[in-house]
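K.L.:
Here's the letter readout for the chains.
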Amino acid sequence: MLSNIGIGFLILVLILSFLTIYNASLDLKISNQLIKKSIYKLSLFQTTFTILSFFTLIIGFINSDFSLINVYENSHTTKPFFYKIAGTWGNHEGSLLLWVNILVIFSYLFLVFNYNHDKKYRLYTLIFQNILILGFLFFLLLNSNPFNSIYPIPPEGLGLNPILQDPALAIHPPLLYVGFVGCSIYFSAAIASLLSGYGGKLFVQSIKSWVKISWCFQTLGIVVGSIWAYYELGWGGFWFWDPVENASLLPWFAITALMHSLIVLEKRNTLYAWVIILCLLTFILSVTGTFLVRSGILNSVHTFASDPSRGIYILLFLSFMIFLALTVFFKKYKKENYNFNLKSKETFILANNWFMAFFLITVLIGMLYPIFLDVLINVKISVGPPFYNIVIIPLVIPFMILMAIGPKFGWIKSKNKIFLKVLFFILGAGVINLSIFYFFGRYSLLSNLIFIAAVFLILHSLLDFKNFIINKNKLELPRIISHLGFGLLVFFIGINHQFSLEEDFNLKVGEVKKTNTYEINFENINIKDGKNYKAIIGNFKLTNLKNNLFQYLSPEIRIYPNPETLTYEAAIKTKISSDLYLTMSNVSRSEYYNIKFQKKPFMIWIWISALIIALGGFVQLTLKKNEN
Amino acid sequence: MKISITKIIIFCFVIFSLSVFWRGLKINKNYDTKNLIGSRISNFKLSEINNNEQYISEKNLKKNKYTLINFFASWCAPCRTEHKYLLNLSNTNKEIKIIGLNYKDKKINANNFLNELGNPYDFVGKDIDGKISILFGIYGIPESILINNELIVIKKIIGPIDKAQFNEILKLIQ
Numbered sequence: 001m002l003s004n005i006g007i008g009f010l011i012l013v014l015i016l017s018f019l020t021i022y023n024a025s026l027d028l029k030i031s032n033q034l035i036k037k038s039i040y041k042l043s044l045f046q047t048t049f050t051i052l053s054f055f056t057l058i059i060g061f062i063n064s065d066f067s068l069i070n071v072y073e074n075s076h077t078t079k080p081f082f083y084k085i086a087g088t089w090g091n092h093e094g095s096l097l098l099w100v101n102i103l104v105i106f107s108y109l110f111l112v113f114n115y116n117h118d119k120k121y122r123l124y125t126l127i128f129q130n131i132l133i134l135g136f137l138f139f140l141l142l143n144s145n146p147f148n149s150i151y152p153i154p155p156e157g158l159g160l161n162p163i164l165q166d167p168a169l170a171i172h173p174p175l176l177y178v179g180f181v182g183c184s185i186y187f188s189a190a191i192a193s194l195l196s197g198y199g200g201k202l203f204v205q206s207i208k209s210w211v212k213i214s215w216c217f218q219t220l221g222i223v224v225g226s227i228w229a230y231y232e233l234g235w236g237g238f239w240f241w242d243p244v245e246n247a248s249l250l251p252w253f254a255i256t257a258l259m260h261s262l263i264v265l266e267k268r269n270t271l272y273a274w275v276i277i278l279c280l281l282t283f284i285l286s287v288t289g290t291f292l293v294r295s296g297i298l299n300s301v302h303t304f305a306s307d308p309s310r311g312i313y314i315l316l317f318l319s320f321m322i323f324l325a326l327t328v329f330f331k332k333y334k335k336e337n338y339n340f341n342l343k344s345k346e347t348f349i350l351a352n353n354w355f356m357a358f359f360l361i362t363v364l365i366g367m368l369y370p371i372f373l374d375v376l377i378n379v380k381i382s383v384g385p386p387f388y389n390i391v392i393i394p395l396v397i398p399f400m401i402l403m404a405i406g407p408k409f410g411w412i413k414s415k416n417k418i419f420l421k422v423l424f425f426i427l428g429a430g431v432i433n434l435s436i437f438y439f440f441g442r443y444s445l446l447s448n449l450i451f452i453a454a455v456f457l458i459l460h461s462l463l464d465f466k467n468f469i470i471n472k473n474k475l476e477l478p479r480i481i482s483h484l485g486f487g488l489l490v491f492f493i494g495i496n497h498q499f500s501l502e503e504d505f506n507l508k509v510g511e512v513k514k515t516n517t518y519e520i521n522f523e524n525i526n527i528k529d530g531k532n533y534k535a536i537i538g539n540f541k542l543t544n545l546k547n548n549l550f551q552y553l554s555p556e557i558r559i560y561p562n563p564e565t566l567t568y569e570a571a572i573k574t575k576i577s578s579d580l581y582l583t584m585s586n587v588s589r590s591e592y593y594n595i596k597f598q599k600k601p602f603m604i605w606i607w608i609s610a611l612i613i614a615l616g617g618f619v620q621l622t623l624k625k626n627e628n
Numbered sequence: 001m002k003i004s005i006t007k008i009i010i011f012c013f014v015i016f017s018l019s020v021f022w023r024g025l026k027i028n029k030n031y032d033t034k035n036l037i038g039s040r041i042s043n044f045k046l047s048e049i050n051n052n053e054q055y056i057s058e059k060n061l062k063k064n065k066y067t068l069i070n071f072f073a074s075w076c077a078p079c080r081t082e083h084k085y086l087l088n089l090s091n092t093n094k095e096i097k098i099i100g101l102n103y104k105d106k107k108i109n110a111n112n113f114l115n116e117l118g119n120p121y122d123f124v125g126k127d128i129d130g131k132i133s134i135l136f137g138i139y140g141i142p143e144s145i146l147i148n149n150e151l152i153v154i155k156k157i158i159g160p161i162d163k164a165q166f167n168e169i170l171k172l173i174q
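Read top to bottom, the protein sequences are chains A and B. Heads up: the first sequence at position 286 corresponds to 286 in the working numbering, and the numbers run straight through without jumps. Heads up: the second sequence at position 154 corresponds to 154 in the working numbering, and the numbers run straight through without jumps.
Bound-form chain A, shown alone:
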């Protein structure tokens, strides 16, 4: 029943997509400035039916309708209500439906909100967006249909992978999807802009808010994913340079570069070609990431979604997108003259782009090189954190300093006085930094420089914030917040990296382990029945040997019956100054438990800083309405 309804809606969307393309192409030839009413209607119907199809699937999950294979494979009657809903996008087919939803919704909103822009440009955008919609819709219907039915209807479902039953992970996919799939709209807009010749300031104004929205959601999505990995996976880290994490970083670098270049294009009407490249690249990288993750070429926590036949389809569509983008771009590309003064804002913004490009290429190479080697000469290597740390960290130092200075400069040309101010702040940052090392008593040149640069950026941003309070120039505020957030992020990661403690050992009940600063007493074990799992809870007493304060931590081992899975829940005591992190895993056929104990200073501040970066973007979104 639901299966037929869902497929019915999707086929309607498909037909409406064809009709939209057809009508929009006809309307292109008519030379008035208004888009036909019928096109708006088609687009509105399309959006309605897509959303309805998604709700159909949600209803399937809520009612545990196991006649749908997708529900049967990913849900279970005993699952909490919240996770039943989250289960809708916690699997490949459902998440692809969400993907199509975002494509369609963005397509409609872009059409409606840009009513004051050029007709041809809007129609072309609509056409290309619908080509993307068609591509993914065919993929959905032919290869990954969430509405496939099963008969006889099974009495019980298989359950959602327990590590996905986590609030952070329930919202992680929708956030990332709005971020990544949202890029599609300015991919289409960029092609439309090339074809219709609608460039410059007006083009920027039409895509600006979409870039910001997708940037905000990408940033949030990445942070939430990282929080999930920290609390759920039990590895005690927050960023692993795992290929999948990298896949999410690539479009983020491109979009961050794009956000900055847009400012230059809007103010100085230059860098048009570069902006177009970034628009195209952001979505292409998003789809490449999806391809790498979903096809199973990369192995990671996301392999729940891997299947080579999907890979072939996404790869074909990706190739189509890339060749379409390249052909249109080269056909329409006109050479531009750049004339930038060294001491101007635009030069610094360009510098941002160079750094972003560098980070992007580094991560891209680190990610693709092992795949290429494996495929071409059958050599297996893995590129891990050391590579990224060596290549990226030193470059973060000048990056942060430029990030602090850049906004101080005016457009076109500025005075020398600014340089003196800058010097003063580098000195200030240096003094604070040295005092930190005086108190903590460790020294390494690279981390010292990182701290100087981070403190420099933080101080600068705070100073800008003071200026903002005085002159109330609201346009500056988002930038100040995000730059401040980045400075804090690097600063706290640096401290966290330098001063973390980690111990790994085996204990049985009743034993005590002493480290340099802590005494860990494994007191006892209880067994608890959760809603849909059983848990073995270890009770540990941790005594800080320095001040004799103690606290209790209780990591868990959870046993989920459907599908039978063990998960390890870390016990984490979060305080403002540091996190205590304890995980316990069973050692099969022995009474010993493997214990991992970590003390991580300022952990919570890493999340807060990352959220501050995203906050900057959201502030900008709210500003837009008031300022224009």
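No wet-lab data here; the hints were simulated from the structure. It is possible that some hints are incorrect.
Think about it this way: if two alpha-carbon atoms lie no more than 27 Å apart in a straight line, the pair counts; the simulated BS3-like pairs of lysine-lysine are [said to hold, decoys possible]:
1. B/Lys2 - A/Lys514
2. B/Lys45 - A/Lys508
3. A/Lys596 - B/Lys84
4. B/Lys171 - B/Lys156
5. B/Lys107 - A/Lys508
6. A/Lys541 - A/Lys514
7. B/Lys45 - A/Lys380
8. B/Lys2 - A/Lys334
9. B/Lys104 - A/Lys380
10. B/Lys45 - A/Lys514
11. A/Lys514 - B/Lys106
12. A/Lys380 - A/Lys421
Given chain A, work out where chain B should sit, using these hints.
P.N.:
Relative to the frame of chain A, chain B by itself:
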């Protein structure tokens, strides 16, 4: 569209990358160890844990009727539970030689581990950064691989060896 070197390079690069992905889809068996059984071990060379000069290679393995390669580490708790089966195997059976491959471990800890629990191994090799183990598709230890004198893998055990698997090994080498 005018043709220029840049354009050609970009197109070539894109086509190259996409075709690598295409091939990658077909041959990707990175972590798939199902096909390990029946395959032949090649490029095998292992340095002794305490003595870099001393090493073991395919030639040595060919002399043994059966060889069990056991991946272990001192930090690995399940390795302790399977140790008694390894000791039993090495004491009672002359047909089989056991090679220990010390995975991502410190020399001193590994030696303490063997002193404490006994040494079932005819040779202990080291794999400090875990690279050799990758060749065998090892993703978590303990794991063990049983090969015959033609260097063909006949069994792979993921996780600690237990009674049932111990008996199965005995059956295989009869």
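K.L.:
For which of the previously enumerated hints does the structure constitute a violation, in increasing order of number?
P.N.:
1, 2, 10, 12
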